[in-house]
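So the sequence lines, in the order shown, correspond to chains P and Z. When we follow the numbering used here, the leftmost residue of the first sequence carries the number 9, and every step to the right adds one. When we follow the numbering used here, the leftmost residue of the second sequence carries the number 549, and every step to the right adds one.
Since the hints were derived computationally from the structure, they do not count as laboratory data. Each residue gets a CB set at the ideal place from its N, CA and C atoms; glycine is no exception. There's no promise every hint is true.
[Unchecked claim] Each computed BS3-like pair below joins lysine-lysine, with the alpha-carbon atoms no more than 30 Å apart:
no., chain 1, residue 1, chain 2, residue 2
1, Z, Lys597, Z, Lys839
2, P, Lys88, Z, Lys839
3, P, Lys94, Z, Lys867
4, Z, Lys839, P, Lys151
[To be verified] Partial pick of chain P residues on the chain Z-facing surface, computed with a CB cut under 7 Å:
no., residue
5, Val29
6, Phe32
7, Ile85
8, Glu89
9, Leu139
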Amino acid sequence: MSENAAVGKLKAKFASSVLDVVEFRGETTVTVKKEDVVAICTFLKKEVGYNFLTDLCGVDYLGQTPRFMVVYQLYNIGTKERLRLKVPVEESDATVDTVSGVWSTANWHERECWDLMGISFNNHPDLRRILMAEDWEGHPLRKDYPVQGPGRRPYQGRVS
Amino acid sequence: MAMTETMTVNMGPQHPSTHGVLQLILELDGEVVRKATPHIGFLHRGVEKLSEYRTYHQTIPLTDRLDYLAPMSNNLAYVLAVEKLLGITEQIPERAKVVRVMLAELTRIKSHLVWLATHALDIGAMTVFLYCFRERERIMDIYEKISGARMTTNYFRVGGLSADLPDGIVEEIRQLIDEMPGHIDTYEGLITGNKIWQKRIMGIGVISAEDAIDVGLSGPALRASGVDWDLRRDDAYSGYEDYDFKVYTSQDCDTWGRYQVRLLEMREACKLIKQAIAKLKPGPVVADLPKVCLPPKQDVVNTIEALIHQFKLISEGFKPEVGEVYQGCENPKGELGFYLVSDGSSHPYRMKIRSPSFVNLQALPQMVVGRMIADVVAIIGTLDIVLGEIDR
Chain P
9 MSENAAVGKL
19 KAKFASSVLD
29 VVEFRGETTV
39 TVKKEDVVAI
49 CTFLKKEVGY
59 NFLTDLCGVD
69 YLGQTPRFMV
79 VYQLYNIGTK
89 ERLRLKVPVE
99 ESDATVDTVS
109 GVWSTANWHE
119 RECWDLMGIS
129 FNNHPDLRRI
139 LMAEDWEGHP
149 LRKDYPVQGP
159 GRRPYQGRVS
Chain Z
549 MAMTETMTVN
559 MGPQHPSTHG
569 VLQLILELDG
579 EVVRKATPHI
589 GFLHRGVEKL
599 SEYRTYHQTI
609 PLTDRLDYLA
619 PMSNNLAYVL
629 AVEKLLGITE
639 QIPERAKVVR
649 VMLAELTRIK
659 SHLVWLATHA
669 LDIGAMTVFL
679 YCFRERERIM
689 DIYEKISGAR
699 MTTNYFRVGG
709 LSADLPDGIV
719 EEIRQLIDEM
729 PGHIDTYEGL
739 ITGNKIWQKR
749 IMGIGVISAE
759 DAIDVGLSGP
769 ALRASGVDWD
779 LRRDDAYSGY
789 EDYDFKVYTS
799 QDCDTWGRYQ
809 VRLLEMREAC
819 KLIKQAIAKL
829 KPGPVVADLP
839 KVCLPPKQDV
849 VNTIEALIHQ
859 FKLISEGFKP
869 EVGEVYQGCE
879 NPKGELGFYL
889 VSDGSSHPYR
899 MKIRSPSFVN
909 LQALPQMVVG
919 RMIADVVAII
929 GTLDIVLGEI
939 DR
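Kindly generate the complete structure, drawing on both the sequences and the hints.
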């Protein structure tokens with residue numbers, strides 16, 4: 009499996025920031041330090057051509073450190089390549105710099121990530137809840153949030 | 549000196565032209581929109597959270613209910629993502645792949661019919677609505693014969709299909725497809741040359757290619773801004789690389805361009821379905837993977853191995869290895885993507901749905917600013933949003 013061209017460029021430019029590169033089922037995932045995420049995204053967009061941010065979401069790895077991952081799915085419309093960027097986020101400091109200045113589509117994705125996962129984004133232009141009600145308490149997609157809602161017994165019908 | 553004061557008007561969530569439960573707060577200067585703020589989430593059902601407590605197979609019915617106008621396409625995107633996660637993409641039988649493409653394209657026609665019907669109705673052309681729903685009803689009948697349900701089809705399975713096509717259905721699809729171009733001519737005859745229709749949509753909701761990419765538009769909305777982008781061709785799945793089809797774009801960047809692109813896509817979908825029917829050969833519809841696919845009922849009642857497999861799959865489900873995949877599909881409304889994270893257990897550790905309507909709606913505020921309030925309705929129509937998919 010040939011390595012994604014962007015990985016080489018990233019390693020050359022941000023050698024100290026690239027934490028991990030994983031190939032799985034033909035997809036490339038690069039884990040980078042969260043301090044440099046805006047610089048890396050700008051670089052990938054301007055220099056490497058990843059002009060389309062497909063998706064952005066948070067994943068809660070409860071029990072691990074760091075607890076959260078923010079995942080960016082990038083797409084290069086010119087070369088039709090995909091790249092996944094992951095940023096580890098500590099529970100004690102669950103904030104990431106916003107990339108809505110790089111791709112404006114990140115605006116709502118980041119709002120959703122804040123709403124459902126409780127990861128906040130620095131310098132975000134409009135960080136409000138988006139799917140849940142404004143006065144909602146808690147962040148439903150966190151693993152320690154019960155599926156039947158707050159204040160109820162955890163769901164017992166789980167398989168395996 | 550005359551004083552200018554803006555007025556704030558609430559539109560929705562109970563409004564016939566917002567295509568569901570979308571609320572817009574419009575700041576108006578006379579009839580001109582100065583600012584629009586969408587409020588969504590009224591239909592949030594927590595599909596992503598629910599999926600974490602279900603096996604991979606049990607999540608398929610939840611995907612029907614995302615974009616409920618295109619259930620088969622949602623099923624397809626989800627099962628492809630799971631198949632990628634399992635690494636069994638190459639083992640899907642040919643017949644299953646062809647049927648998937650055929651039904652995904654039929655779904656595209658069905659979804660575009662609702663778009664055209666409601667878009668025209670919003671703008672004031674009532675007749676088109678009735679014609680479009682007449683044809684849509686036939687597609688729903690076909691759905692019902694194939695899957696037993698008109699809307700929540702739940703027909704595709706990881707590894708293939710839930711059952712083979714019923715007898716005579718291919719003939720029925722062929723008949724519909726043969727008539728469809730004529731029907732599209734009828735719709736066009738009603739509105740394309742109509743001066744009112746043209747005035748209501750030409751130059752409305754303009755978004756440049758650069759802005760469209762920046763805000764994340766996909767599907768017909770992006771193609772109508774002149775970006776040659778189609779995942780069926782660029783990131784081919786389910787055997788689309790073997791089909792001969794054209795990707796239509798428009799340089800108009802407005803509602804008129806999107807109208808043209810979608811109509812051409814409907815015609816192209818008819819050609820794709822014809823090709824699929826020609827490719828349709830008898831054969832298995834489920835992959836030969838007893839640890840993933842449910843065994844045929846006949847075997848379950850006759851052999852102990854099949855009974856054990858069925859029991860294991862129903863009670864526990866299959867367990868993909870640890871990893872994560874993203875699968876994007878060219879849905880009628882844009883790129884529907886499923887991002888699946890597996891921790892090696894029988895249910896997804898995390899499932900993120902990249903729904904096209906959610907992202908496309910984000911372009912609404914910038915498209916309506918400076919336009920008349922009546923254009924807001926046209927722009928909502930042209931974005932072709934479904935709230936079931938936005939709120940998930």
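Against the structure, the hints:
1. A distance of roughly 26 Å separates the Cα atoms of Z/Lys597 and Z/Lys839; the hinted pair therefore holds under the 30 Å criterion.
2. With a C-alpha separation of about 34 Å, the suggested pair P/Lys88 and Z/Lys839 falls outside the 30 Å cut-off, and the hint is violated.
3. For a cut-off of 30 Å, the pair hint linking P/Lys94 to Z/Lys867 stands: about 24 Å separates their Cα positions.
4. Straight-line distance between C-alpha atoms of Z/Lys839 and P/Lys151 comes to about 28 Å, which keeps the hinted pair within the 30 Å bound.
5. Residue-level restraint check for P/Val29 is violated (minimum Cβ-Cβ distance to chain Z is 14 Å; threshold 7 Å).
6. Hint status for P/Phe32: holds, given a least beta-carbon distance of 4 Å to chain Z, under 7 Å.
7. Interface hint status for P/Ile85: upheld, as the beta-carbon distance to the closest one in chain Z is roughly 6 Å, under 7 Å.
8. For P/Glu89, the shortest C-beta to C-beta distance to chain Z is roughly 9 Å, which exceeds 7 Å, and the interface hint is violated.
9. Proximity of P/Leu139 to chain Z holds as hinted, the smallest CB-CB distance being about 4 Å (cut-off 7 Å).
In summary, the numbered hints that this structure violates are 2, 5, 8.
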